[in-house]
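**Q** Order-wise, the sequence lines are chains A and B.
In my numbering, each number is its position in the first sequence, counted from 1, plus 14.
In my numbering, each number is its position in the second sequence, counted from 1, plus 22.
Rather than coming from a laboratory, the hints here were simulated on the basis of the structure.
Glycine included, C-beta positions come from ideal geometry on N, C-alpha and C.
Quick partial rundown of chain A residues pointing at chain B, CB under 10 Å, derived from the structure: (1) 17; (2) 21; (3) 24; (4) 39; (5) 48; (6) 50; (7) 51; (8) 54; (9) 59; (10) 81; (11) 82; (12) 86; (13) 92; (14) 93.
Under 7 Å between C-beta atoms, here's a sample of chain A residues computed to sit facing chain B: (15) 28; (16) 29; (17) 33; (18) 36; (19) 37; (20) 40; (21) 44; (22) 47; (23) 58; (24) 75; (25) 78; (26) 79; (27) 85.
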Amino acid sequence: MWLHAIGDAIRAWLLLIPLPLVRLAFALLPLALLIWVWLLPRDAVERPGESETRDRAAQQLKWAATVALGLQVVVYLMEFAAG
Amino acid sequence: MTTQLSAVDYWVLVIYLAATVALGLWIGSRLRTGRDFFLGGRALPWWAIGMSLVATDIGGTDIIGVGGMSYRYGMAVANFEWIGCVPAMIVGAFVFIPIFWRSGVYTIPEFMERRFNAGVRVALASCWLVFMACNLGIMLLASARMLTALFGWDSTLCIVITALLAGGYTFAGGLSAVVYTDMIQCAVMIGGCLLVLVLGLVEVGGVSQLRGRVAQLEREQGRVEVDGSTDARPEHLRLVLPADTRSPFPWPGILFGLALILSPAYWIGNQAIVQRSLGAKTEFQAKAAYVWGAVLKNLIPVIIAVPGLIAFALYPRLEDPDQAFPVLVARLLPSGIRAVFLAAFIAALMSSMDSYLNSASTIATHDFYVRFVAPRADDRKLLVVGRVITLALVVWAIAFALYLAGTSKQIYTVFQTLMAFFQGPAFAVILAGLLWRRATGKGALAGFLTGVATAVSLYCLNHPAISSALGWTRLFQIEEPFLYFSIWAFLATAGVLACVSWLTTIEPEEKLALVVSWRGRINRRTDSS
Chain A
15 MWLHAIGDAI
25 RAWLLLIPLP
35 LVRLAFALLP
45 LALLIWVWLL
55 PRDAVERPGE
65 SETRDRAAQQ
75 LKWAATVALG
85 LQVVVYLMEF
95 AAG
Chain B
23 MTTQLSAVDY
33 WVLVIYLAAT
43 VALGLWIGSR
53 LRTGRDFFLG
63 GRALPWWAIG
73 MSLVATDIGG
83 TDIIGVGGMS
93 YRYGMAVANF
103 EWIGCVPAMI
113 VGAFVFIPIF
123 WRSGVYTIPE
133 FMERRFNAGV
143 RVALASCWLV
153 FMACNLGIML
163 LASARMLTAL
173 FGWDSTLCIV
183 ITALLAGGYT
193 FAGGLSAVVY
203 TDMIQCAVMI
213 GGCLLVLVLG
223 LVEVGGVSQL
233 RGRVAQLERE
243 QGRVEVDGST
253 DARPEHLRLV
263 LPADTRSPFP
273 WPGILFGLAL
283 ILSPAYWIGN
293 QAIVQRSLGA
303 KTEFQAKAAY
313 VWGAVLKNLI
323 PVIIAVPGLI
333 AFALYPRLED
343 PDQAFPVLVA
353 RLLPSGIRAV
363 FLAAFIAALM
373 SSMDSYLNSA
383 STIATHDFYV
393 RFVAPRADDR
403 KLLVVGRVIT
413 LALVVWAIAF
423 ALYLAGTSKQ
433 IYTVFQTLMA
443 FFQGPAFAVI
453 LAGLLWRRAT
463 GKGALAGFLT
473 GVATAVSLYC
483 LNHPAISSAL
493 GWTRLFQIEE
503 PFLYFSIWAF
513 LATAGVLACV
523 SWLTTIEPEE
533 KLALVVSWRG
543 RINRRTDSS
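Isolated chain A, as found in the complex:
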């Protein structure tokens, strides 16, 4: 029965967290990743010696990642705003 006690305690704790705050966290996760992508060092995006990995291509990769994550931010911000 101790497993139930642990579960009940965790559930009670989780229920204390306001749902709007949780919805905000869902939006902040992709936002944090988006910022992380733009802070990535150059050698994480490109690779010396590969023809595609000129500055422009590397930037395009970051922009494509921004589109993917940006849409996520918008979706979950809408969920947050809807209350």
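Given chain A, put chain B in place with the hints provided.
**A** Showing chain B alone in chain A's frame:
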């Protein structure tokens, strides 16, 4: 309720299937070595791999299962495609995929042997092989149910024909055939599902009418605001559900179990997913494929989850939620157009099935045959072995699907529960191996086995028959708590892995060269290309 196909429907379907199989066979005629068969000769372009990633992920199980879940619980199921995919794909693109690609491995378990030991490799490979083999049967069953519901076709015949079609070109063309046919299948799948979405929205009267109808139905069905909050939106229209919801998607499960564990485990550790990026022409293209896939992923819930919601609004009294999508197709799509969706569904099934076939064959060949039976087998022999194993898997998949046909459990839930047993532990092992220098092989193996045992134990203890025999209430209050299984299994793995690693000798420096940083910096000594 079945519907008849017109002659045009049949022609569209036959032409589509013939073209797909012909493309796969043509690619197969150009294969010469095992490397061509398993990694596409490492010559695959990013745009094809990205679409293949999406097509592989969205199988028949998803179109039917997500539609069914959306019908029953609402849009919260969309989290599986949004927060349950996109963040992990982006992290995978910049941190994990580059090191896998540079290492030149065929499989993730092979990489884990380089970082840890043979025991970890065998444990991971065994789990993935069993999972993929079982998943093949589940995929076939999903297609058979759909086709039977729609057209009254014999389900056994559906299982056999789809298995032979997908198995045929995978047998011949290997990963290249899989990726290029997936690319076409992805386009057909998106087009077909978009068609259902648009016609469904027209039928229901638009988005605002859909929202109103869903709210009205929820009131009629006596649904209560489970979180007792001021949220007046119908539960069907919410993405984030409270922790005490009865649906399988409470926010802690979605955030911690799905977004942080199961999703990265799937996109970074799933052989069927990662393998196509290992076949990319260059490291940059492997990264670009994942990012392109993440962009496409944003569209998927709109085209497969929203139709489930439309079905709920239009036909709220379906006995089986998994019939939501088939019913929409049967009642909304006119004759001649129906074949487009049918082709889309078969495309989704075949694109997932071919990937799992090829990846299961790769694991069986490289992690078992080459590793333990014939380490010196030449590349031409591996091509033959890969094809023989593919054939055996097709036969197995047909047999397993026919066995599953006797069960009534929701397809999607079976799939997720099976994944939750070992994906959390596998991810913990991969994460520790790539990011923590102190992680040891003994720690990884002990942690992995503990994690799997934890997940299976929780499943058993939560099973109604066992909990009632023990005189317990069920451990978890939600239905199908597979997301929670994965959280606990991950934590158990991480805890045991950390303890045992601290108690055992650190791995030699050549193994530690595989450790990567979150900043995306990779140790150049891992470069084998």
